[in-house]
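Put chain B on the given structure of chain A with help from the hints.
Order-wise, the sequence lines are chains A and B. The numbering of the first sequence is our numbering, which starts it at 10 and goes up by one. The numbering of the second sequence is our numbering, which starts it at 22 and goes up by one.
It should be emphasised that the hints constitute simulated quantities derived from the structure, not laboratory data. Please note: incorrect hints may appear among the correct ones.
Straight-line C-alpha distance at most 27 Å; calculated BS3-like pairs for lysine-lysine [unchecked claim]: (1) B:K33 <-> A:K194; (2) A:K265 <-> A:K394; (3) A:K283 <-> A:K258; (4) B:K127 <-> A:K221; (5) A:K144 <-> B:K298; (6) B:K68 <-> A:K155; (7) B:K71 <-> B:K95.
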Amino acid sequence: MANFLLEIGVEEIPDWMIEPALEDLKARFAAAFGAFGGSAITTDATPRRLVLQVKDLLPQAADVEAVVQGPYLSAGEKAAEGFAKKQGTAVDKLAKTQDGKGERYVCHQLVKGQAAVQVLSEKLSEIIAGIHFPKTMYWTGKGGVKFIRPIRWIVALLDDQLVPFDIAGVKSGNTTRGHRVLGAKTPLLVGIANYVEILRANYVIVSAEERKARIEKALGKGVQKDDELLKTLVYLTEFPTPIRGSFDKSYLELPKEILATVMRHHQRYFSVIKEDGSLLPEFVAVTNTDGDPDGLIRQGNERVLRARFNDARFFWQVDQQKKLSARVDDLAKVTFQAKLGSYKDKTERVRMLANEIAKALGADQNTVDLAALLAKTDLTTDMVKEFTELQGVVGGLYAKAQGEGEAVATAIYDHYQPVSMEAAIPRTLEGQVVSLADKLDTLRECFRVGLIPTGSKDPFALRRAAQGIVKILFEARLPLDLKKYVGDVPALLPFMQERIEFYLKDVSGYAYDEVNAVMAAGFTTLWDLAERAEAMHAVRPTDNFEPLAASFKRIKNIVKQAQGNSTKPPEPELLTAGPERELYHAFERVRAATKATAIYKEKLTQIASLRPHVDLFFDKILVNDPDPAIRENRLALLNSLLGEFSTIADFSEIVTQGASA
Amino acid sequence: MDSFQDTVFKLKHYWAERGVIIQEPHDLEVGAGTMAPETFLRVLGPKPYKVAYVQPSRRPADGRYGENPNRLYKHQQLQVILKPTPDDVLEQYLGSLEAIGIDLRKHDIKFEEDNWEAPTLGAWGIGWQVMLDGLEITQFTYFQQCGGIDLELVPAEITYGLERIVAFLQNVNSVYDIEWAPGFKYSDVRLADEQQFSVYNFEMADVAMLWQEFELHEKECQRLIDLFRAKKDGVERFPVLPAYDQALKCSNLFNLLDSRGAISVTERVGIIGRVRKLAVGVAEAWAKQQAPVEVEKVVA
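Chain A with its partners taken away, still in its complex shape (with noise of 0.2 Å):
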């Protein structure tokens, strides 16, 4: 049994691209050497290393028996001694078989199994070069390997012994190298078992959980969680040391919001904060080395946060010169979609769509009209322009100071949200609303310009508005019938329809058909939508539900095949005594008893107690009765039955266990 290394040196790799092309080589990796078993692939990496390491692989892939198929005994003797010349033996030694077309020579070849090393040398270059990355580079010249940055250096062992390829000019060996900086200057002389050790000796620690590991021991007290971050940082380093640096107090002036995104995604710290919630003047940088002992990276650190924080201040003081209210004019000028005009155009149409749902929804109109007229004139500000992930939270931070109201700042802070499935719907009413018309608006415009998402393809994020659409109405559970808002183009309409059944589906947790069968039955808010969805869930496993349903399915198909789909009701004297004025009667008190309440459980519970009489009905009655009247009548009592019941949901949509048989 052998063991494996690979290490493939890099420069260095967009930390975000790691973890995927670890996974991408460990299954091209199995796929190519299952024949050599092995007992575990690991891999491993750092922004300039992709490894990885496999144990106990075969030295030698087992024989295997291979069958040749060779001509057939009618094409006579010539084509089978051709044949066997061909697969170095004789006509007499060749086995026959028999299939399809009639007799035919087999040859039984037995295939020698490689060693490893050299089918790893056959095919190592190819699985590297075919390791998935989102984007690629070539530098070799025109037409030469694409990868993600250059490849510079290859380790590949197989025990002692170097498995020989080349991969963009690049031969492998057994040298690797040390931190850019801390590590010898000279290539490293590796082998299996001390690969780690070498390595850790010059500063680069392989493992990337121990570097995660050694950042959170050294990160101290009240540092703010944050596991993407941290992530980040594990990837763009080789040996992590967590410095602390401090800036002065009078810049926590600025709002938390602006201090937090500055540290966060444009310096990469992670901020302190007092057990309030409320930020220290402080920051943690992760750096690559093993120490500051003269304070030289905390300094230079502190030196470029307070230039960042000087500019932030210096946006937010000069930003204040003009109000957001004198901006919106300027919004001309700011492309909201090449086919579709500037963010002026977009503001008048949402203003306009924002007033509608404000009335439909009894929101403040003051507020959601002002609230929508200044949303998005926080896109003209310097602080904007600097940061443009706190659009929204900028403008409502501005509308605040500038007095506009707490109310409509809210609004404007919370517009862009849901920005996820995890993200909070906004906090008020008017901010759902000013919400919901920009996405809205956001839907019909890109739909109507033929910008619609097909497959992975969607480059405007439609999905995530749409999908923000049906989470608030879900969650704030506002009355707004949805299909009123989807403008003209036919295509929206479905596209919502998909994310309503996703939430229902992934977020709610409901099954499919049951999803299905409230969906079938149409719907005017999605919170009614969801009221009847989690009756249909309460209720199904009772006795009688699943019946019920197979038998809804079974009279929604008599009626299809009859054709009778008048909404004529059914005439009580054509009705023969026995079970089928029985389910006439059933029929009516539970019309009546559904009727009278309004709680959807309580309904289909009524509705379900109907199933002894339809299966007596089905079980005695034939409905296709010779007298044409009786007939006719006896199609009109299911129609109304199935009118009348499906209107919470289509039933026949349950998969029952005797229909999914």
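Quick look at chain B alone, frame taken from chain A:
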């Protein structure tokens, strides 16, 4: 402590020692060192080339009337082009930092992903921003395409932000406090520039005249491109370089019009497209002009 000019001298000297031609800046208004023909045109085609120069880079919209300690209408870039890229390019780059007095063992250096794209030039590349103790000091790019043409040899472009680096080295908080030469601060040399051009770019530039100029230069550039295309042979002396100057004029006029707030949304995309068309046309002509010369020389 090294002055601003000392640092520039040292960087130029460092690269000169590595066989790099030290050029002077292009004598037209450009937005970045990349736009100078020594980069934009030289990266095209199969000829190796190594050049470095300081390029004053004008970005009218970035002007702050000389009041912001870190923002400038015109800043100085030291641009290095290494075509093709040597394998140890990053080591050479780090060596240049040591050469200007940065002891890397006492500082934190990181290469963070930052790809570059210039729609008006039909150009893009892959690279990093180089961070020194949290300060972006250099943009490093492996060019992939220029003027819409896939590059035959991949050059490395190293762009040093000189004001930032020197402010760091001199430990000053405002670029205006940088010592340019003994006894002279950055503000002594450049503040009037920043003030006056901010006023001109934002408030006073004659929009109608700028439009006229744009159209004249565009017309002249396109005329030359069309003439070149119509030529069957004898293109060696054809004025492709003057055509490129016309394209650069247009690019700068576009920036000026933009900072003057004279370009509407609907116009904007169209104008970028017009400048791009010129840049791509010139790049194509230049590439063609270079190619046959190579062949003829070999034959002769």
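Handout entry: Structure versus earlier hints, numbers of those that do not hold, lowest first
Key = Per hint list: zero violations.
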